[in-house]
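Protein chains in written order, with the numbering used here: chain A, 67 to 202; chain B, 67 to 202; chain C, 67 to 202; chain D, 67 to 202.
Rather than coming from a laboratory, the hints here were simulated on the basis of the structure.
These numbers come from a predicted model, not from an experiment.
Certain hints may be false.
Any copy, or any two copies together, can satisfy a pair, since identical chains are not distinguished.
Straight line, CA to CA, 25 Å or less: simulated PhoX-like cross-link-like pairs of lysine-lysine [claimed, not checked]:
hint, residue 1, residue 2
1, K202, K180
2, K132, K180
3, K147, K129
4, K184, K202
5, K139, K94
6, K129, K94
7, K68, K180
8, K129, K190
9, K139, K197
10, K132, K94
11, K132, K197
12, K132, K202
13, K147, K132
14, K184, K68
Okay, here's what each chain looks like letter by letter:
4 protein chains.
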Amino acid sequence: MKSFQTTYRVTYSDTDQMGFMHHSNYLKCYETARWELFRSIGIAYPEIEYEGIILPVINTSLKFIKPAFYDQKIIINTRIKSFKGARIVFEYQTINETGEIINEAQITVACVKKITGKACFPPKKISDTLKELIDK
Amino acid sequence: MKSFQTTYRVTYSDTDQMGFMHHSNYLKCYETARWELFRSIGIAYPEIEYEGIILPVINTSLKFIKPAFYDQKIIINTRIKSFKGARIVFEYQTINETGEIINEAQITVACVKKITGKACFPPKKISDTLKELIDK
Amino acid sequence: MKSFQTTYRVTYSDTDQMGFMHHSNYLKCYETARWELFRSIGIAYPEIEYEGIILPVINTSLKFIKPAFYDQKIIINTRIKSFKGARIVFEYQTINETGEIINEAQITVACVKKITGKACFPPKKISDTLKELIDK
Amino acid sequence: MKSFQTTYRVTYSDTDQMGFMHHSNYLKCYETARWELFRSIGIAYPEIEYEGIILPVINTSLKFIKPAFYDQKIIINTRIKSFKGARIVFEYQTINETGEIINEAQITVACVKKITGKACFPPKKISDTLKELIDK
């Protein structure tokens, strides 16, 4: 699949006293980016939860190459790398205003029934959409 | 009532690029402080939610007198100022390591039934404890 | 002056276990909104800091009328209420997707020399712009 | 080296609408834990920055095994896995109240001169302390 692009402007509260966007905030940006990707393919994350399914993060791996600074408009490229069983793997690349890759990441979420806490298959509509997307 | 004292050490992620604890983080500290006050008088906030009642914030007023810096151990003094109907008003004072008052606040929470979203009286056990506390 | 409008989509990480946008996050939204207002009138907040001046928050007063929920697109109306000496007072109103006012706030920032920590007048270019704006 | 133990009580603002501590908050806890480890061996992180050196995160890898819930007191075990050149690798394990491992992580920080942004060796006092620690 092609990667899906979102932009984010680094806020003042994202920074720490180093003057960098605090590293924990990338996880927040990547969370928003993956549900925006979902929205772009017709899947509304709130509806998934409404059906009693949650998609908690089970693995994250981030590489911080260069810092992001306050007020910079960064580009986040997101793609679904794989989808097997209950697991969806997202791949990310963040680009700064001068075109440099500043962060790379891989984040895995799992499909889980909220009530039981057990891993499950995503609803058929979603798994069909994801499979079709990955093959593109 | 006498004020209840908690301490908090400012973390790196609390800071912003001014080098100050970001002003939004006082609200997080004050939230923790009020439920620690509750714990100290025998009320467990998680149990309140378990009974279907939430205590959302409905009013906050904060005065930022001096900044708090990374790694400082600050003291938060909390007291319940009033309790009427569904509303509990908390008063706060934050003191830095050199004894200066750096922040003062007043925060009001309301007792709300989670399912209906309507204001309600707190469970009797809690309202009795609060009334007794305020009279002291 | 007329109010300046920004929009914000509530993220997953903004929510707490009540299912509401955590009350501390309004302060982050309002911070972004006021520097976007500044940008719209030709003042870049990063340039102010570059000149050795910071604008820390010294007073906040927020009224939480209704909760904001995950994925809602909220509208934030910001206006400068007053500007006297070193102090700028911002007024906010947040509107949800169905047109209801969910939050109202007043936030005061002070112009401060970063090195001395003392209150100061804003650079002339900024104070001229602000005065002209308020009179409109 | 033996691991260094810190505890953390999950706050309300740490949670998201799943009812879990939001995954980004582990990075904040781990940051605090590594500077507490430093404090325990006589190194004050603020003093490092005071000497013009920062220790930004350059790599993180986290495995989320079970969720942490509001008000739980979690135990964070931190150890320095390796220290070579400018890089220090920390290893973490988080344990919940019933003794289960809920999170495992590896985080690498780099020693960087704040002014140049270039990697550097840590001050001799620190590198001596770290080397001695790892050999234990």
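Verification of the hints:
no.	hint	result
1	K202 - K180	neither (31 Å within a copy, 44 Å between copies)
2	K132 - K180	between (37 Å within a copy, 13 Å between copies)
3	K147 - K129	both (17 Å within a copy, 18 Å between copies)
4	K184 - K202	neither (30 Å within a copy, 41 Å between copies)
5	K139 - K94	both (15 Å within a copy, 17 Å between copies)
6	K129 - K94	both (15 Å within a copy, 17 Å between copies)
7	K68 - K180	neither (31 Å within a copy, 37 Å between copies)
8	K129 - K190	neither (34 Å within a copy, 27 Å between copies)
9	K139 - K197	neither (32 Å within a copy, 29 Å between copies)
10	K132 - K94	both (18 Å within a copy, 19 Å between copies)
11	K132 - K197	neither (34 Å within a copy, 28 Å between copies)
12	K132 - K202	neither (31 Å within a copy, 34 Å between copies)
13	K147 - K132	both (24 Å within a copy, 24 Å between copies)
14	K184 - K68	neither (31 Å within a copy, 34 Å between copies)
Consistency note: the structure conflicts with the earlier hints numbered 1, 4, 7, 8, 9, 11, 12, 14.
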